[in-house]
Each structure stands twice: as structure tokens, then as C-alpha cells.
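Asks: Take a look at the letters that make up each chain.
Number of protein chains: 6
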Amino acid sequence: MKMIYTLFLFALLSSACHAFVNDFCVANLKGRDGPSGYECKPPNTVTVDDFVFSGFVAGNTSGIFNAAVTPAFVTELPGVNGLGLSAARLDLAKGGFVPVHSHTASSEIMIMVKGEITAGFITPSAAYQKTLKPGDVMVFPQGLLHFQVNSGKGKATAFLAFSNPSPGAQLLDLLLFGNNLPSELISQTTLLDYEQVKKLKARFGGRG
Amino acid sequence: MKMIYTLFLFALLSSACHAFVNDFCVANLKGRDGPSGYECKPPNTVTVDDFVFSGFVAGNTSGIFNAAVTPAFVTELPGVNGLGLSAARLDLAKGGFVPVHSHTASSEIMIMVKGEITAGFITPSAAYQKTLKPGDVMVFPQGLLHFQVNSGKGKATAFLAFSNPSPGAQLLDLLLFGNNLPSELISQTTLLDYEQVKKLKARFGGRG
Amino acid sequence: MKMIYTLFLFALLSSACHAFVNDFCVANLKGRDGPSGYECKPPNTVTVDDFVFSGFVAGNTSGIFNAAVTPAFVTELPGVNGLGLSAARLDLAKGGFVPVHSHTASSEIMIMVKGEITAGFITPSAAYQKTLKPGDVMVFPQGLLHFQVNSGKGKATAFLAFSNPSPGAQLLDLLLFGNNLPSELISQTTLLDYEQVKKLKARFGGRG
Amino acid sequence: MKMIYTLFLFALLSSACHAFVNDFCVANLKGRDGPSGYECKPPNTVTVDDFVFSGFVAGNTSGIFNAAVTPAFVTELPGVNGLGLSAARLDLAKGGFVPVHSHTASSEIMIMVKGEITAGFITPSAAYQKTLKPGDVMVFPQGLLHFQVNSGKGKATAFLAFSNPSPGAQLLDLLLFGNNLPSELISQTTLLDYEQVKKLKARFGGRG
Amino acid sequence: MKMIYTLFLFALLSSACHAFVNDFCVANLKGRDGPSGYECKPPNTVTVDDFVFSGFVAGNTSGIFNAAVTPAFVTELPGVNGLGLSAARLDLAKGGFVPVHSHTASSEIMIMVKGEITAGFITPSAAYQKTLKPGDVMVFPQGLLHFQVNSGKGKATAFLAFSNPSPGAQLLDLLLFGNNLPSELISQTTLLDYEQVKKLKARFGGRG
Amino acid sequence: MKMIYTLFLFALLSSACHAFVNDFCVANLKGRDGPSGYECKPPNTVTVDDFVFSGFVAGNTSGIFNAAVTPAFVTELPGVNGLGLSAARLDLAKGGFVPVHSHTASSEIMIMVKGEITAGFITPSAAYQKTLKPGDVMVFPQGLLHFQVNSGKGKATAFLAFSNPSPGAQLLDLLLFGNNLPSELISQTTLLDYEQVKKLKARFGGRG
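Chains as they are written, first to last, in my numbering: chain A, 975 to 1182; chain Z, 975 to 1182; chain R, 975 to 1182; chain L, 975 to 1182; chain C, 975 to 1182; chain S, 975 to 1182.
No lab work stands behind these hints: they were computed from the structure.
Worth double-checking, as some hints may not be accurate.
Same chains, same label: a pair holds when it works inside one copy or across any pair of copies.
[As the list claims (entries may be wrong)] The list that follows gives simulated cross-link-like pairs (lysine to any residue, SDA-like), each with its CA atoms no further than 25 Å apart:
1) K1088 x G1029
2) K1172 x V1031
3) K1129 x L1003
4) K1129 x Q1162
Same shape as in the complex, but just chain A:
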């Protein structure tokens, strides 16, 4: 039967000696990274498991924000390389929240599964905020600051999708208070009080 298959290809493609199989580009995570993504794994080493991630279980929400984000980005799900798509699971314990953050080159869609989350994003001219329940879907346009707060009485869960295989996460507090920029400089360029900056630097590990 393999012969028929070969004949078939030969019939349709006069030059039968090349690979012809670039229907995807699974990330070779040990290979080079470039502006459009990772180099491709050789197609013959690709298996279905490159396209499947099995870790969307309830995350550990015992941290300081009572929140857990479980990513299925290119590093966990190498099949999304070059496809402009990835996903994550969000778990919020009672009182939990994801602080204000953005994704540099990615929009986000949030699909509510359990509980109640008040989410919003902010532009220079307006804030767009909504309290969401299971069955609700909300989109956060690319690059805008947004937040998610568990406003319900129990746990909350949502799934997130991103328009980038590697959306990153620019957490505002980590950006402002987790580095070694002088506190005076941060205070000046954010207009936050110096004491406020020092207080949060202590919390987020920043020096200076």
C-alpha cells in the first residue's frame, strides 16, 4: 500500500525528492529564538504531545495575591510557535486578584468558568469595567493596562487566550518596585510619594 501512496505523490508532484511538509513550526525550545518565534523542530520528531498541554488544573492560590496563573505559552505548548495564539488558566481564591498589568504585544480574551470576577482595562480617556459571571467573555485590547478581581464569595476560575504565543506579563508593581532604579527616580516619574515607593520596594524586592 505504501507503494500506492508513493505513486500518488509521484503522480501529482513531478519533483518527489523534497519534504513538502511545513504545515506547522513546532518550537525547538533548545534552539534559536528570533523576532517571529523559535526555530522549528524537525517535522519527523514532532508528536501529538507537542500540541497538547495537560496542566490546566487548579493553581496554588496561597501566595500574596491569592491568585494563580497557569500558562500554556510556547514554552509549555511548543505547538503554538508562530501561530499567534496561546492560553492560560486563572484561579483566584476568595479575595484574590491579578494586579494591574499589561501584555506588550498581545490582546487577551477571558472566559469565565466559575465564581465572579470584576475585570477592567484602562485607556487615557476612559476605564471599561464589568462584573463577570460564568458564561461571560471579555476582551482586553493589546497593550492596555487591565486587572481581574475576585468580587464573589468563593473561588473564581477563568480561562484566558492570548494573540501571541509568548505574551509575557508586565505586572505594574513588579515593574515599578522590583528593580534597582533609584527610589527618587521612581517617585519623580510616577508622582508617587517617596515613602510609598520605599514601602512597595520592600515588598517587591527592589533595591535603591
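Using the hints, position chains Z, R, L, C and S against chain A.
Replies: What follows is chains Z, R, L, C and S alone, placed relative to chain A:
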């Protein structure tokens, strides 16, 4: 206070007379459509509801495939216009399935929520298939034929995300058997038996 | 004279020590592949033959479809790497045809040269079909199923252009009947009769 | 039967009230043009003739260059709108040629059909030139100056494909000598002799 | 002479009846906006002034930040529409600064002209900061928070270029403190003290 | 404090073992080049100096055009890799000019700083020319021929920004007269007199 706001803008932007607010482009669904999406709604008419869709409830699975796909594409969620992202909810009754189909210019991520779904996609050199349970995520690369079958003992539910605000759905049976192309032509170009074609045309509404 | 040339460059570009020649990116076919194409050959090893392919002669149409497709994709014509363009030659013997297929991320233009070809593409809402003669040009939009049938009394020839340097070819029969997916699964998700599936699997080399 | 079709859609798509058919965006040539192309014709007014152009016959080569280019760009073939692809037919009488020119945002593939054409493109560090015969294919990378000369003993014909639905044509002589820029300015910035500029301005309709 | 010009075009292009001039798409600012930019002005109404903006004079730095940003975005310079490029002039009085901000879908290059500016951008893992003098150029990658502070003894001036015709400006303080989101919510999701939020809301016009 | 930082990340991201920092892709200039740019430097080897270039000083204008272009392209400023942006400084001595040229895949913005420059670009249907003074900004759309002439009484300086990290420069004279194409061929395809071609070949180093 509004005065302070205005002063602020004036201070930072010497020419204060323009809009300056193109952080998103919500679809004006009654407006013109173009290769990159719909024209934008005037920003001052945009509300948070342009970014929220509340219909991800269990779909009606009493149809012939015992399947329901509830879309949150640009026509339901106009805020995704131009963002390269959309979503859908998939419900499969026991025995239900989504027949073989593709999306012309969109990849897809499936997030399992309930039950068990056997899903796969096919390339000219291999098929990639997996039985998925809650917590599993699978990606289907752009343009490839794929399918989803409820392989469990009860209902199954999954959320889908797409890398296109308007991914469409090329259902193979509808394409082949739902139109008026002559049955002989379809039989010839698919190599399906003529009787098979006629049988399925009767089912999918095709004539000829 | 070389000195004048050098002086010229020096005059116009203060920093004269760099290459400055990225006007193209010819594929290094032995190098890495990535989401946007192959890595570039070093410019000084590029010759005009990287931009020329000389194989658009009449293909061998003695196979099962009486059809031959001769590609000038990135693997045959490495100069198209990164340029969003490639070409192919299509030869159809009397009675020959290209079965229903699609290209995952590429549109196609067909330019008729000889004979008569009936071609068409199919969307969920309509089929678009035309009988073409020399002088006719037809476009098949990205990702849609299409076919080409020699509907004339002799040989037919056409040239094809693609909006992707590596358009691939998703031949429906090869996808459905050339792999090892269980016949029951294929029958279920295509709604084709089980016997039909088994019959075509025998023809296209599929097992299971 | 239409009922079955409707039921089918209803079964698969819970919200049945929207169009769902954006598999292409045929140019509404009387509509608005934008950075990504023309606005789309309403899908229900689209016919197969929007995807077919029937004018690739031998062009009139009696003009000053003994050359004819017959375009199938978006204005002749509105179905290519937004698809990143178009085509043209090139006819060269004996001695005919296409003078040095470029396409601002488009690569080009030339497929030789008849006769002999010497073609080439030029970069700052090298010129790439080849004499082509039927069966040869050559690619001209985006934005580079190139030319085509009938170097054979009879007529020559080739087909061209472009990576842009509206590639335009920047003919060097028309650019330099067809406008009203002062001849002194052109002489200075091209380093051509003033008399040379005046002589060619007379030929190409430029004033000043 | 016009006749020669016409003959020329006729010679080269068999179909002479179409416009053929899409070398740019100047924004019709009174027209529709879409995901890829504004609709194009009719080419015959375009003048050189659509490509020129004459307002890069010293801005008024008497405002609260002692800073002035003079934009040459698509609204001031409609010729940049669809070109992925725009510019601005930055003036900082002694002690002036541009507070922490980002551009949602644009990178930025700063070219120092006068004085001394300390600039930097912040990622979750590091801050990149430099004191710049005339002759220095710095790039701020897309979507990242950055700032510019006059660290010299007199006025400072720089020119900015952006990879987007309409880069906007997400000023952190204006986002956080210029809207009507409840102060409690802002305090919670930024981890800033409630009093700090109230204090800055008073300054930036926010209510709630 | 580092512990708090780590805890923070752990709290928010369940899978803490991966890098998560692809906010930029600084060019590894010794690495592979591809259609979308250079491969990325490992993030932990990146310093602020990858984002800063300090060479925008007055260029040497003693060459044949009395012009100097100092680039800050990806080879000088590796931080622009993949960002669609770069810059250059232009110095023109009295009488100096940049001859007619184009950039294959890049638009250009010119910001006037000193003196007076007459600049323009040319399309097949019109030339767009303007005499610019400090405070003026002009955009040259992608791929079009343009020029810059010092039309003032002293030195002139401008800054340039490009929509491509590696815009190259297609200098018309260098293209036409700096290579080894036969002078007869150049004369034929440009319509320039043979003697004119020979004269300029002598000046620009071309042979043949």
C-alpha cells in the same frame, strides 16, 4: 477637576485639538468591512459592553451532530475587531461530534472543561490525535482539517480560542454536499463513489 | 576604480565597516527553519541561480490522476524565501484533474496556457466554478477547498502562483484516507459510509 | 432540502442569525480604499466573475518599447483584494524590453512561456542577470530595480505574479523624466548630464 | 508632450483605463478609520503638504511636568497613514520629565539634540537606564513602560520616532488616577495606599 | 528581599521554571539572520548598551556628494531587531546632497534640525517636493525614489527615521553605474545615451 485633566494634556501635548484615542477599533457592524476588519465605531460611542459577550451558556445539542458551537466572533463581540483573537464554546452531547472542518485563516486552541473529547488534526504526512480530559489544552495549527468527538460517557464541554476575529468554519460535508456543483464533478474530484455523493447531498441540502 | 567606489560609500556612510546588504534573504536550505522562513544564506555566496528555477517543463501525467504539479517553492527556488510568493506548473492529460485540496496559508492564482480546465472553489455558502481557456486567470482565496479538472479534448496546461513561499498542498483524499486514523473515526467525522472509507484507504495507503 | 441545511447550521451554531461568511473580501472598486485594500463587496453580490479575468491575450507591442504589460491587478481582478497576490502578462516584440523599474511593495515572479528574455535585478553590491527560456522561472525580490529585454530572434511572452494585489510600477524614466521637477535638480541628484536630462524629458513628457 | 506620455503608458500597459497609482494612502481624516488606518484620500487631491508637518518648534513647557510633546502622528501628518511610522518632538525645561508611560502597539526611538536626559524602560526582570547626551540614540521596545527625565542643568530637546502612525500614549498616572474607577479598586489592584490614590486622583482629575 | 520577589512570581505563575522574558529580541549580530531579522541574544547577556548608539555626531562631508549619512540600523543598534524601526543622521555640507535613491522595504521620516534642505519623492503620476527648514518634518512613503539637496547657504542637518531595522539604501547611480552589467544593456533599459553610461561608470566603479 476636569480643568486639571485638561491642563495636564495641554502640558504634555502641545497640540491639544485632536482625538488621540485609538487604543482599540471596535467594529461598527453596520459599517464597511475590509481586508483587515470592520471600520471602527466612533470611540465616544463605545461602551464596556462592546468588549463583553454573555452567551457562553450550554448550547442546544439536539441537532444532527449532537453538537453546539456558540461563537464569540467579531459579530457577537465587536471589541475583538482588528485584534487577531476570538472565542467559542463547544458543547457535545453523548455521542456528539464536530465533523471534519478547517478555519481558512485561523489557528485554534481547545481548552477542555468537562467530559472527554477525542480530537485530532491531519496533515499530508501524519495525523495527530489525542483523547483529552479536563485540564488538557490542544492547539490545531492554521488551515488544517480537524475534528472533535465526544468519546466519553456523558456530556462534554470545551472552550475554543481563535487567532482571527472572524475564523469562519469550513465544514467538509457542507462544502462538498451542500452546494449545487454536479454530483459527477464532486465524485470525480473527491474520488468518492457517485452514490455516496448523492446520499450525502440529500442530507446536506445540495442539488445537482 | 574600486577606490572610487569605496570613496563613494565612505562619503555617504560615515561608518563604512558593515555589510549593509539585506535586500533579500535567500534560503539556506541546510540551515534552520522558523515561523517566517529559512535562515539567510550569507549574501556573498548568493548567485543568480538562487533566483532561477529551470524545471517548468511538461510534467509526467501518467499517474492515477493524469496530473502533474511541478513546484517552484522555496525548496526549488530558494530566492523566494521571505518574499510571500512562489509558483508551480500544472499539466493535465486528457481526463486528468487535481482532486479537491487546499493550501493552509496561501492564496493561488491560475493562469491558463493551453486546453480547457474547469476549476472552482467552495465556501460554506456557495461554490464558485468556471470553465477556463487560454487567456483566463482565476484566483482561489486563501485556505478554501478547490479543484481543477481538464474538461477539454486534449492536454491542458496552466501556471500557478501562490502567496506563500511554501504553500504545501492539503489533498483531501490523502488527508482522509492516507493515514492510520481508525476507519470508524473517519466515517463518523466525515459522515462517509464505512465501506467508502475502507475502499479509499486501500487506494491511498491508509491503515486502521 | 433547504430546511435540512438550515437545521444543520442551527445544530452547529447556536446563534444562527449572522452571516458568518468572510472567506474572502472582493474589492468594491467604487468603495473606499484603505491601507490594507478596498472595502469588501457584500458577499451576496459576489459572483465567480469577480475571481476571473479573461484578458491575458497578446498585448499591443507597437509602442515605443515594443512591449505590452497586461495587468490582472485588483482593479481588473477584484477577487485578489486583501490576498497579497496578483498577476500580469508580458509580451515583447523582437527588440522589445521593459525598462528599468521597481514595485514599491511587491516581489515578482516571472514564468517564461515563449522566446528568450534576458532579465536581471540590481542591488548596491551586485547585479543578478540571466538569459531565460521557456521553462525558466525567475524571482525579483521586493523593491529592487529590474529589467526584461527580449534577447531572442522573435516574440517573447512571460507571465508575472506579484505579492501585492496592486503592485504599481515605478518606471525609472517616467519617474525621472515625466514630471515637472527642474532639469537642474534632476541633473544634480542623478549626476546625469543636463543635456541628457533635457533630451529624455522631451521624450517622456516632463517639463521644467 | 502630454501625448507622448500617454502613448508611453499605452505602450506599456495594454489596459490604460485605470488609475494605477496606489503608491501611498494619505489619510482622509474625515473618513472612516479601520484596524489598519484611515481610508485613503483620492490621489488627485493629495499635495506635498500631506507629507509635511511644520510644527516641530519648541513646545510650551510651563505645565505641571515642565514637558512638551509635539506629535507628528497621522492626525498632524496624514501622509504617514499605513506606513508604520510617525514622529514627535520632546522639550523638557530644567527639571522637566515625561512620567512613566507606554505605547500600546509601537516601539520608540529617541534622538538626543540638546541637554541631558536620563531615560529608561522597565521589564519584569530588569530596568535599562542611561543618561543621554546629544549624539545619543536610544530605543524603547514596543509596549514597555519607559520615562524621560531632564537630568541636566538647562533645557533638553529630543526627537522621537515611532513604529506606528498613531502610537497614542498610556501615561500611567492618567490611567490610574484620571478615571472614575473606585479608589478602593485602584488601591487594591495596584497595592498603592488608599491615601496615595486619593491624593493623585485629586491631581489628575479622577473621581470615585 | 529576593525571596519575596521569588515568592511573588511563584504566587502568580504556577509553573515557575521558565524564562518568561521575551519583551524584546536584541540582535545577535554573530548569529543567524532570517526573513524577520537576526536571532535573539540570550536575554541575560543583554545590557542597556544594546539599546543605545552614541554616534550621531556630525559626519564627514568631504566626499564627492558633500554628504554624510550616519546609520543607527540593526548593525549599530542591535536593540531595534524585530521592532520595525531605525534611525540615521544626515549631514550636508554647503552644496551637498543625497542623490536619488530608495529603500526597498521602508518608509522614511526626515526631521529638519539645521539649515535648509529641498527634498522630494517621485511617483509615476507626480513629484512631491518641498523646501524644508528647522521645525519641518517630511515623510517619504515606502519604496519611492527620493532625494535631499542642501538648498541653503550653510551646512544642513536632519535626523531620519525608518520603518525597518535594516532599510538599506538603493542609490540609483550606484545601482546603474557601479556594477558589471554591459553598458549597452544599461543604455538600452534606461534609455540613457551610451556615452552617458560610460561616463558615469567611470565615476562609480562599474565595468563592462
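Asks: A separate judgement is required for each hint: does it hold in the structure or not?
Replies: How the hints compare with the structure:
Taking the closest pair of Cα atoms, K1088 and G1029 come within 25 Å of each other both inside a single copy (18 Å) and across two copies (15 Å). For the homomeric pair K1172 and V1031, neither the shortest alpha-carbon distance inside one copy (36 Å) nor that between copies (39 Å) is at most 25 Å. Taking the shortest Cα distances, K1129 and L1003 never come within 25 Å of each other, neither inside one copy (34 Å) nor across copies (36 Å). Taking the shortest Cα distances, K1129 and Q1162 sit within 25 Å of each other only across copies (18 Å), while inside one copy they are farther apart (38 Å).
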